Amino acid sequence: MIDRVDESSAREKRVQWADGFVLVYSICDRASFNVLRPKVQVIKAAKEALSQEKVPIVIVGNKRDLHHRRAVSSEEGRLLALSMDCEFYEVSAAEAYHGALMVFQRLAERICEAKLALKKGTGIRSIVKSMSAVFARKRTDSYKCTPGLPPLPLRRGFLDQVI
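Per this note's numbering, the very first residue in the sequence shown carries number 1351; after that it's consecutive.
No lab work stands behind these hints: they were computed from the structure. Incorrect hints may have been included.
In silico SDA-like cross-links for lysine to any residue, where the CA-CA straight-line distance does not exceed 25 Å [stated by the list, open to error]:
1) K1404 - E1445
2) K1389 - S1442
3) K1394 - H1418
4) K1404 - L1466
5) K1389 - V1408
6) K1469 - D1369
7) K1394 - R1380
Listed next, with one range per pair, are the computed distances between beta-carbon atoms [what the hints assert, rightly or not]:
8) K1404 - A1444: 15 to 23 Å
9) E1445 - R1380: 30 to 38 Å
10) P1388 - Q1366: 17 to 25 Å
11) A1399 - C1462: 19 to 27 Å
12) A1443 - A1381: 17 to 25 Å
13) A1395 - K1465: 14 to 22 Å
14) L1400 - E1445: 36 to 44 Å
15) W1367 - A1444: 12 to 20 Å
16) L1429 - G1449: 18 to 26 Å
Computed from a predicted model, the values in this text were never measured in an experiment. We treat Cβ as the ideally placed atom computed from N, Cα and C, and that holds for glycine.
Using the sequences and the hints, build the whole thing.
In structure tokens form, the structure reads like this:
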């Protein structure tokens, strides 16, 4: 765990090292929110260039207890997270640790999901391989029949209709 991703030459190595990211901004400080989009772009560019893995990123609005000093709405945080394909939470680290705990638990789950998806091979090669395995067989063994039900007919060009 590192405290921040700064603008140094070591930044890229730290980004490549990490399996997931939590980006925190203060709901009372618009400037801390405004730097999130470029940070997410830098992280995604560095991580996704190395692998097909989708990098888990969680955006967290902190200081929810200071709602009277709010400079960034919850909706803005949600929209940013949605547009950047990240998860979003709003917490108060001062009030209780449960919100922060939930953020890290969810990040750990997303990291595991990303690793599992990478192992399963959910890329285009895996899809092509699966499609070939299904449709390259002979017609007679391309369907597993349920007892009592006739096999489904295979028509030429049926994939053209689906696409």
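Inset, instruction - State the violated hints by number, sorted upward, taking the hints as numbered earlier in the document. - result: Result: hints 1, 3, 8, 9 and 15 break, sorted rising.
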